[in-house]
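K.L.:
As a plain string of letters, each chain reads:
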Amino acid sequence: MLLQLHEPGESPAPHESERGLAVGIDLGTTNSVVAVARDGDVEVLRDAKGKGLIPSVVYYADDGEIVVGQDARRMILEEPDHVVSSIKRLMGRGSEDLKTLAGTLPYTLDTAADGGMVRLLVGGRTLTPVEVSADILRVIKARAEEAQGKTVDRAVVTVPAYFDDGARTATKDAARLAGLEVLRLVNEPTAAALAYGLDNAAEVLYAVYDLGGGTFDISILRMEKGVFQVKATGGDASLGGDDIDHAIAEHFLAERANAHGAVSITQGEAKQALATARVAKECLSGQPDGAWLMEVDGHTTRHTLTRAELEELAAPWVEKTVGICRAVIEDAGIEVGDIHGVVLVGGSTRMPLVRRKVREIFGRDPLADINPDEVVAVGAALQAEALTAGSDTLLLDVTPLSLGIETMGGIVEKVIPRNTPIPVAMAQEFTTYQDGQTAMSIHVVQGEREMVDQNRSLARFVLRGIPNMAAGAARIRVTFTVDADGLLTVAASEATTGVEQQVAVKPSYGLTDDEMATMLRDSLEHAKDDMAERLFTETVVEARRSVLAVQAALKVDGDLLSDAERQAIDVAIGQVDRAIASGERDAVTAESENLEASTKTFAERRMDRGIRAALAGVEIDRLDDALGGE
Amino acid sequence: MANRSTSDLVVGEKTMNASAVAAVVPCWSCKGPVATRALFCSVCGAVQGPGVIDHYSRLGMAPTFDIDLELLERQYFGFQRRLHPDRFAAKSGKEKALSQSQATALNEAYETLKEPLKRAAYLLNLLGHPVDLTACGTINDRALLMEQMEKREALADAETPEQVAKLAMENESEVIACQCHISAAINAGQLEEAGHLAIRLKYLSKLAEEARAKKSRVTRKI
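Chains A and B supply the protein sequences, listed in that same order. Position one of the first sequence corresponds to residue 1 (the working numbering), numbered consecutively onward. Position one of the second sequence corresponds to residue 631 (the working numbering), numbered consecutively onward.
In case anyone wonders, no lab produced these hints; they're calculated from the structure. One or more of the hints may lead you astray.
Simulated coverage check for chain B against chain A, where a stretch passes if three residues somewhere in it have a Cβ under 8 Å from a Cβ of chain A [unchecked claim]: (1) 654 to 665; (2) 702 to 711; (3) 714 to 725; (4) 737 to 745.
Label-pair ranges, simulated between beta-carbon atoms [unchecked claim]: (5) E789(B) <-> M451(A): 26 to 34 Å; (6) Q267(A) <-> T790(B): 52 to 60 Å; (7) T764(B) <-> A257(A): 42 to 50 Å; (8) G472(A) <-> D771(B): 47 to 55 Å; (9) L763(B) <-> T496(A): 19 to 27 Å; (10) E789(B) <-> G472(A): 56 to 64 Å.
Just some of the chain B residues that point at chain A, by a computed CB distance under 10 Å [as the list claims (entries may be wrong)]: (11) C671; (12) C674; (13) Q730; (14) A814; (15) N817; (16) S846.
No residue lacks a Cβ here, since even glycine has one placed at the ideal position from N, Cα and C.
Hey, can you work out the whole structure from these sequences and the hints?
P.N.:
Next comes the structure, spelled out in structure tokens:
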């Protein structure tokens, strides 16, 4: 077999022995989890007390200290305005989006920032969601490094299947800020399915119902030995346990207002009310009723709640998930009866109400053998191992939302429909609507609605230099490319003249490259070294590949060279190796170019031989070996 | 489904004519000769670009309308197992990009060939008899127009899930019959006729989709 993922000496990093295993990270709304896989065995990395969950809460102290996790969560009660939680709900959001979330956010926002990415005011600092997420990821990275005793710089990070392009980009940016290379963004439901392995010889359909703190996802996957194929996915990027906490908190505050009169409460008190609500909700999963104390405005009030009352408060949110499940089953073109099992993911699926509803929709008991809080990280760790150590598993995912562009009258023309397998490239032709129109504004949107303003705006750019033509004569081809991480690139070209423009879609409210560079500089003491090392590594990978390719060619066609010519190539190879050892990136680049120049004649002779052989009809099997010669 | 290893993949007929010779190009990595349609260089093992080949050849299938869907899927999975970007996560940037183009091309080929309607249109185009399925709303065929209007009315009038299901079932058998006719027409070389049938299949498929949507609407109401 010719294609081997890890030839000895081909390893991508210079100091492989000091490099830890790539990890799987579930960066959750409420909690985050990190796990690592070795030969298919997954270990969830835990703290000294055995806790795998890291609360996704960050405390920004006045002295500059940053605390993440349980200790930060505790600070909500003491210094609520210095604490950020549920930041995932703001990933990739623009300040315009906040209208829809207004009133539900326990943060002070920097309203000065017009348009662009959301900025929070926390403990005297101005922070983007990307930076807050990066602070959480740094702690996760540290936990992974401590567990392995090695540097960890590669990870598979999970995102809700329903995350849009902006939120995915923001997640990748956050990892980069924390010094982690994202090997792949994997959708949470898909990761959960991987964790279950569900290694069925026969073809089966599974549903993954994922109700977390802030997001809801439902995916239908088809699985058979080693192939995980997502058939359809849907959800709501802002629907989760948090909404139920809000409903309970509002209920408690209303009770309090009835007893003591209405007072406007501070943001800190709102956070405390939410914390009490969350405790109440979690308790009622195990017990039928309870009472909780809440201190607001100097008064302590006592609130009782039964499970039946809780379920009444939670019902509207849970019902919403039912509707989404039905729509996705329809999208997948299947009947409920075709589904062999339902996997539960996310802490909110612990609620008895949720389990009852799931049973009702799918007509069967859900699977919850793997801890629903950890199952996503477990799957991510398995995928991290598969990507770095090689594997036979195949994961075929889809785009969660339709992608299109705005046309006349604010109508969306879909270019890639939802549930299209990725990676994908699709194109559509558009034309000008005015005589002599020389530029065309292209507005990229994501969503299912027909009108532009009801969808999410991803990016705008202008294709210029269209030649002077009558209206409708120009042929403008817009190509959308979605990569395996679900990230979009858009290119536009005019067919008659070849005028072209390409943009990697940085969402309108994302970080600009400049902002990213500044953040990297600010956040990493050795940001420069870090970047340099990355570039060096990439150059070395490329140089090693060239050397291996030349060596392989010498083995096959070495007889085409005289001894002197052969010696010259061997010298050039030796110089590349020495340049790599020197650690100088410029030297590696120069010696690689030199190697290419020294093998030019060799390559020409090989081509000649190949063409002559092909003409003679011999060896064509070797050349035409479409499957790489096993 | 049987678990077949990737080595069982069927590769299209190998030909040794002049065009095959012309299709020898330098491998981007080792610079030696490699067939344009090769996935990997046989000397250095580097993944190659997807090249311009038709969807059938890409998936190693014979260019027919009658297609063994299980074989098609096995071929698709087999090629994806070797070419998907997940296999190249630790490779150089160039190899990552090429594997992404390969996987994209495989997805396009598979999505086209697995749908009877898209497959019919694609095959007719390949055979030099393109059908325009995007020209929607204009039915030149009077009989087809009348038939579709009647069916649409019947669906609009249907009130119970049973009524909708009955219409959907009737339509489904017509879809299958239409596919058989397309197959027969193509095999007999009657491409003009096959083109008309493909347009008919488009309307039948659309109706099936509407029936599905209506069915879930009426079911939900109950």
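K.L.:
A separate judgement is required for each hint: does it hold in the structure or not?
P.N.:
Structure-based check of each hint:
no.: 1; hint: 654 to 665; in the structure: holds (count 10)
no.: 2; hint: 702 to 711; in the structure: holds (count 3)
no.: 3; hint: 714 to 725; in the structure: holds (count 11)
no.: 4; hint: 737 to 745; in the structure: holds (count 4)
no.: 5; hint: E789(B) <-> M451(A): 26 to 34 Å; in the structure: 31 Å, holds
no.: 6; hint: Q267(A) <-> T790(B): 52 to 60 Å; in the structure: 54 Å, holds
no.: 7; hint: T764(B) <-> A257(A): 42 to 50 Å; in the structure: 60 Å, violated
no.: 8; hint: G472(A) <-> D771(B): 47 to 55 Å; in the structure: 28 Å, violated
no.: 9; hint: L763(B) <-> T496(A): 19 to 27 Å; in the structure: 25 Å, holds
no.: 10; hint: E789(B) <-> G472(A): 56 to 64 Å; in the structure: 44 Å, violated
no.: 11; hint: C671; in the structure: 8 Å, holds
no.: 12; hint: C674; in the structure: 4 Å, holds
no.: 13; hint: Q730; in the structure: 5 Å, holds
no.: 14; hint: A814; in the structure: 27 Å, violated
no.: 15; hint: N817; in the structure: 27 Å, violated
no.: 16; hint: S846; in the structure: 5 Å, holds
Violated hints, in rising order: 7, 8, 10, 14, 15; the structure is consistent with all others.
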